[in-house]
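Build the full structure now, drawing on both the sequences and the hints.
Number 321 in this note's numbering belongs to position 335 of the sequence shown; there are no gaps in the numbering.
Just to be clear, a hint being listed does not mean it is correct.
Unchecked claim - Computed spacing ranges between beta-carbons, pair by pair:
| # | residue 1 | residue 2 | range |
| --- | --- | --- | --- |
| 1 | Arg69 | Thr320 | 19 to 29 angstroms |
| 2 | Asn122 | Glu(-5) | 46 to 56 angstroms |
| 3 | Arg96 | Gln220 | 44 to 54 angstroms |
| 4 | Met58 | Arg(-2) | 17 to 27 angstroms |
| 5 | Gly178 | Ser11 | 44 to 54 angstroms |
Unchecked claim - Derived pair list, reagent style PhoX-like, types lysine-lysine, alpha-carbon separation capped at 20 angstroms:
| # | residue 1 | residue 2 |
| --- | --- | --- |
| 6 | Lys67 | Lys35 |
| 7 | Lys25 | Lys163 |
| 8 | Lys67 | Lys25 |
| 9 | Lys25 | Lys35 |
| 10 | Lys67 | Lys42 |
| 11 | Lys4 | Lys35 |
| 12 | Lys126 | Lys102 |
Keep in mind that the hints were calculated from the coordinates and are not lab data.
This one's a predicted model, so the numbers in the text were calculated from it and none came from an experiment.
The beta-carbon is built from N, C-alpha and C at its ideal position, and this holds for glycine as well.
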Amino acid sequence: MAEPLIRFENVRKAFGEKVVLDGVSLDIPQNAITAIIGKSGTGKSVLVKHAIGLLKPDAGEIFFQGQPYSRMPRAQLGEVKRRLSYMFQNNALFDSLSVFENIELPLRERGEGTPKERAARVLEVCEQLDIASAVNQYPKALSGGMQKRVALARALVTRPEVIFFDEPTTGLDPLRKNTVLTMIAQYHARLGFTAVIITHDVPDIFFVAQAVRILDGGHVIFAGTPLELEAQAQPSLRPYLDGQGILTEELTGLGSRPAFIAQTQEVQGQPDMWLVTIRLHGLREIRDYRGQVAAFSCLQEAARALQKSPLGERGVFRVGPESLACLTHAPRATEEDLVRQVALILGACPTASTLGTLSGRRRLTFVAAAAPLRADTHPLMQIHNALTTARGISS
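If you want it as structure tokens, here you go:
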């Protein structure tokens, strides 16, 4: 396994009698988008302040590329800090400075380059973020989306290896949340930096992050991928997953994970009940390049096609970022029969060509599984087991 870029090992931090981080161990992989999730006051921002060197732990250690902060000479630690950048929650742009001056500020503070070299660096990052036409304007004259891009340009101008995004979507409406997360995903893919997103907006982050870390009560209660998180059934994670389901119901009209669990528990033990699970490959690419609305639209198309078939008579549920499930009563059915039905239904769906085109794939691919519904296994574990053995089908 590759060495993580940043690693926390048994880090403890208290302010007076209040313990904020209580033996936290987690890693931040290189060149990935990692989401650090937690409710307000769970220590997310304190964790980041340790990572960028603004705070020192009371106990434990923080490593950068395997080197402990506490043993680094001052010059080496300073060099590490220069490789990190931070995008503030409220953008923190100076209204009295132009866009150019706001972006140039970190370079001037560090004493990097001549004025001509700094100007070239600023214009380069402005071109990358499509804001070159605004360099002489002032922040108050810009839209909220443009201000976010200016703040990102300022974070990028020092050419950092890691950018920490502190609650980048807090207080935004769903459309603007979508725009900000899409922007982060696009520029991460284009420029290749390591991104760490601090957030409590759980539903929105699932399409963006490759790694998820959840903080609760000063402890890490989950570390893994979004797909691993969606397979979890432990009660402590339920509030985070249920929150995703509520947004799903509001935006797509699909049943959520809690609704799926409730319906599954009602019919568990009945004869001839089958669980059919489908994962659509390509939604992440759409989310990255066209936004969450486009991804949800494709998901809805697939779900509606299933709802119109006998497979979806009891409803179609979104059980993960790219996954759908339905329960069907199918006497004398076989797994082969039901998977073939899924292939026919989704193969004829407009989503097949739409999703393939938007995600840059020549063909849309799915994986599907069908298995008798078990009475002795939690529904989410059955979903996980099904997708582990699912077979690929093409539109």
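Structure-based check of all given hints:
1. Arg69 with Thr320: 19 to 29 angstroms: Distance hint for Arg69, Thr320 is violated at roughly 56 angstroms.
2. Asn122 with Glu(-5): 46 to 56 angstroms: 47 angstroms, holds
3. Arg96 with Gln220: 44 to 54 angstroms: 45 angstroms, holds
4. Met58 with Arg(-2): 17 to 27 angstroms: 20 angstroms, holds
5. Gly178 with Ser11: 44 to 54 angstroms: 27 angstroms, violated
6. Lys67 with Lys35: Since the Cα atoms of Lys67 and Lys35 sit roughly 11 angstroms apart, the hinted pair holds (cutoff 20 angstroms).
7. Lys25 with Lys163: 18 angstroms, holds
8. Lys67 with Lys25: 27 angstroms, violated
9. Lys25 with Lys35: 17 angstroms, holds
10. Lys67 with Lys42: Given pair Lys67, Lys42 holds - Cα atoms ~14 angstroms apart, limit 20 angstroms.
11. Lys4 with Lys35: Distance of about 17 angstroms is within 20 angstroms: holds.
12. Lys126 with Lys102: Between Lys126 and Lys102 the Cα gap is close to 26 angstroms, so the pair fails against 20 angstroms, i.e. violated.
Checked against the numbered hints given earlier, the structure breaks hints 1, 5, 8 and 12 and satisfies all the rest.
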